[in-house]
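Protein chains in written order, with my numbering: chain A, 1 to 255; chain B, 256 to 625; chain C, 626 to 706.
Treat the hints as calculated values from the structure; they're not laboratory data. There's no promise every hint is true.
Under the rule of at most 20 Å between Cα atoms (straight-line distance), these lysine to aspartate or glutamate pairs were calculated in the EDC-like manner [unchecked claim]:
no., chain 1, residue 1, chain 2, residue 2
1, B, Lys454, A, Glu36
2, B, Lys443, A, Glu12
3, A, Lys192, A, Glu36
4, B, Lys457, A, Asp88
5, B, Lys457, A, Glu12
6, A, Lys185, C, Glu696
Label-pair restraints from in silico Cβ distances [said to hold, decoys possible]:
no., chain 1, residue 1, chain 2, residue 2, range
7, C, Lys664, B, Lys475, 53 to 59 Å
8, C, Met697, A, Ala202, 45 to 51 Å
9, B, Leu301, A, Arg203, 47 to 53 Å
10, B, Ile471, A, Pro87, 37 to 43 Å
11, B, Asp611, A, Gln157, 54 to 60 Å
12, C, Lys664, A, Thr223, 43 to 49 Å
13, B, Ser295, A, Leu6, 22 to 28 Å
14, A, Met236, B, Lys457, 40 to 46 Å
15, B, Gly365, A, Lys254, 54 to 60 Å
Built from N, CA and C at the ideal position, the CB exists for glycine as well.
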Amino acid sequence: MLKENLVYDRPEGFTDTPTHYCPGCTHGVAHRLVAEVLEEMGVIDRTIGVAPVGCSVFAYNYFDTDFVEAPHGRAPAMATGVKRVMPDRIVFTYQGDGDLASIGMGEIVHAAARGENITVIFINNANFGMTGGQMAPTTLPGMKTSSSVNGRDVETQGYPIRVSEMLSTLDGVGYCVRRSLHDPKNIRLAKKAIRMAFEVQARGLGFSVVELLSTCPTNWGMTPVNSLKFVEEHMMPAYPLGDFKVSDAIKQIKI
Amino acid sequence: MPKELWKGNEAIAEASVRAGLEAYFGYPITPQTEVLEYLSRRMPELGRAFVQAESELGAINMVYGAACTGVRVMSSSSSPGMSLMMEGVSYIAGTEVPAVLVNVMRGGPGLGNIAPAQADYNQAVHGGGHGDYQPIVLAPASVQEAIDLMGLSFDLAEKYRSICMVILDGCVGQMMEPAQMPEMKPIKRANWDWATDGKMGKRERRILSSIYLDPIEEEKMNLRVLKRWKTIEANEVRYKEYFLDDAEFVIIGFGTAGRVALSAVREARAEGIKVGLLRPITVSPFPFEVIDQLTARVDAFLVTEMNSGQMLEDVRLAVKGRVPVEFYGRMGGVVPFPDEILNEIHRMAKVKLSVDIHPRDAWLERMTHA
Amino acid sequence: MPAKGWIEVSDTYCKGCEICIGACPQSVIELNMSHLTPKGYHPAHTFKDGCTGCAICAVVCPDAAITVYREMTKVAAPISV
């Protein structure tokens with residue numbers, strides 16, 4: 001086989017470990033995109049990842065970089081500690097919506113407000129995956145979960161939080177966008193955004209976060225393919241894709 | 256270096272800087288805030304990391320992150336804030352990374368008040384976070400001792416990949432005393448074989464985590480940490496003895512309570528009563544052995560604390576009912592006067608003491624019926 | 626003439642989620658029902674000709690299980706002087 005024939009191969013940023021994610025879970029896509037970006041930027045050697053608590057608790061098994069494992073929701077604080085003493089390293093957190101938008105809301109908001117020069121990959125799949133599909137702050141109104149069995153009742157269970165819109169109001173945030181992982185085109189756009197987020201950090205241009213609409217086939221009770229449709233038909237209207245904050249300096253970056 | 260007048264909290268901060276502190280993360284809380292305020296000036300002027308965190312939860316997890324890279328890092332707080340930090344304390348213990356924490360204790364529980372207390376002894380010594388772990392806990396009784404112990408705390412934390420907690424009360428934190436600072440030590444980044452500071456083309460990747468999903472592996476970790484603790488117990492017990500050679504009665508107190516007791520001991524000695532003082536400096540590891548040895552030759556012990564008798568239980572473990580152990584405590588932020596302890600010494604010298612009643616019960620009886 | 630490509634699906638990583646099947650523009654991927662991976666999944670495979678090596682299957686694959694190849698178009702022979 002000629003090497004020149006190769007169109008696509010598993011990224012070097014990945015270890016050989018198969019992921020523990022359910023079949024069709026787009027966590028895997030998000031992981032792969034991060035690994036590809038780290039490889040393309042040539043920063044694997046100086047990257048330190050911060051894993052969350054939730055389905056991606058074992059993220060540290062999959063990336064070929066140093067990794068630390070944070071308590072639930074505290075990844076942005078831990079990343080702050082790492083980055084402040086190792087400013088020349090690339091530091092990123094990878095967090096789900098239970099981790100980031102529920103228990104870790106304080107840590108993410110303040111890391112963003114301080115303009116910590118870290119990158120946050122935020123997976124929004126509208127539920128707590130690891131513990132078996134409970135309601136998350138991002139669960140859609142009326143959506144059934146194992147702790148909102150009749151559908152999320154906004155009268156008693158409140159409304160979803162739009163994290164990107166909220167974070168984009170903070171001056172410390174340099175780059176804040178929402179993308180989706182439900183089809184090839186959007187996956188490519190998501191990768192560009194992840195690349196941009198890491199470029200922002202590499203240039204010291206402040207806090208960068210990419211929210212990714214993601215699937216949870218097992219807990220949604222759908223096939224992987226139908227889960228992708230659910231993202232397009234139900235999540236995208238509630239969580240519109242877009243660039244919520246791209247600072248002027250970042251607009252100049254060409255990749 | 257000449258002696259200068261130092262406030263306890265600021266002395267702790269400067270002593271840490273001179274011990275090579277590279278990063279401080281904290282949150283304001285009385286009576287500890289001067290540590291944070293001082294370092295907010297001092298750390299940036301040295302080009303070192305300082306962050307006023309959004310909460311103690313944020314602060315302890317910043318400490319956790321920085322500790323994973325192998326630098327010297329600390330936080331400080333006071334009782335309610337320390338309770339918030341307990342999550343991170345357990346994770347740091349579970350990940351086996353070194354970190355230094357200072358608790359300037361105040362009256363509690365709950366919000367309590369901002370007066371000096373020692374009621375977090377159990378939280379510090381017997382583990383306030385979840386899971387099996389034992390931190391090293393140092394208890395200074397003066398500004399000078401606080402300065403000296405800060406340097407030691409970083410050395411011990413690194414040597415044993417352990418949490419080293421320094422517990423003092425609002426008295427030591429807030430008072431000013433003449434004290435001598437150590438020389439400024441240059442920052443030396445050790446090349447730890449466990450730190451997650453980036454591969455940098457030199458090694459395989461590293462993971463630092465407190466997860467051991469396989470119970471057998473978690474138990475191995477528990478055993479490893481316990482064995483390390485046994486080494487700490489064997490090598491790191493520290494205490495101070497005062498007038499113990501011919502003592503018939505021995506007072507045991509740590510921190511400010513020990514210091515107040517020393518005044519009482521001196522007065523009692525002047526009256527001809529043979530009383531001495533044992534002041535633990537490491538309350539964890541606890542000086543069980545020296546108390547065990549003293550038990551063989553003294554008539555009785557008096558434990559004095561600014562709590563309801565938390566260290567008392569450790570003393571009773573060492574004494575094993577062989578001689579009477581008496582207790583005198585003040586709580587809620589009340590600092591005992593030397594006279595109060597002198598009264599206890601007089602009482603002990605006068606009445607026949609018993610090993611049959613729990614010293615806390617007897618003390619409570621005296622406190623509420625006096 | 627469309628480019629000719631082919632894919633290799635890793636038994637180690639493929640979980641038979643079928644996302645690549647729906648994404649393939651040429652509809653040449655299906656699950657191989659006569660084969661089980663060590664973890665017990667029926668892995669994806671190409672069941673007929675027509676793969677162009679466009680790599681869309683690899684783009685959507687959550688497990689980085691697919692390696693994509695494409696036949697090289699002929700290049701001019703080096704000019705000798």
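Results of checking the hints against the structure:
no. : hint                              : result
1   : Lys454/B <-> Glu36/A              : holds, 18 Å
2   : Lys443/B <-> Glu12/A              : violated, 34 Å
3   : Lys192/A <-> Glu36/A              : holds, 11 Å
4   : Lys457/B <-> Asp88/A              : holds, 16 Å
5   : Lys457/B <-> Glu12/A              : holds, 17 Å
6   : Lys185/A <-> Glu696/C             : violated, 24 Å
7   : Lys664/C <-> Lys475/B: 53 to 59 Å : violated, 27 Å
8   : Met697/C <-> Ala202/A: 45 to 51 Å : violated, 34 Å
9   : Leu301/B <-> Arg203/A: 47 to 53 Å : violated, 26 Å
10  : Ile471/B <-> Pro87/A: 37 to 43 Å  : holds, 40 Å
11  : Asp611/B <-> Gln157/A: 54 to 60 Å : holds, 58 Å
12  : Lys664/C <-> Thr223/A: 43 to 49 Å : violated, 18 Å
13  : Ser295/B <-> Leu6/A: 22 to 28 Å   : violated, 54 Å
14  : Met236/A <-> Lys457/B: 40 to 46 Å : holds, 44 Å
15  : Gly365/B <-> Lys254/A: 54 to 60 Å : holds, 57 Å
Going down the numbered hints, you'll see the structure goes against 2, 6, 7, 8, 9, 12 and 13, while the others check out.
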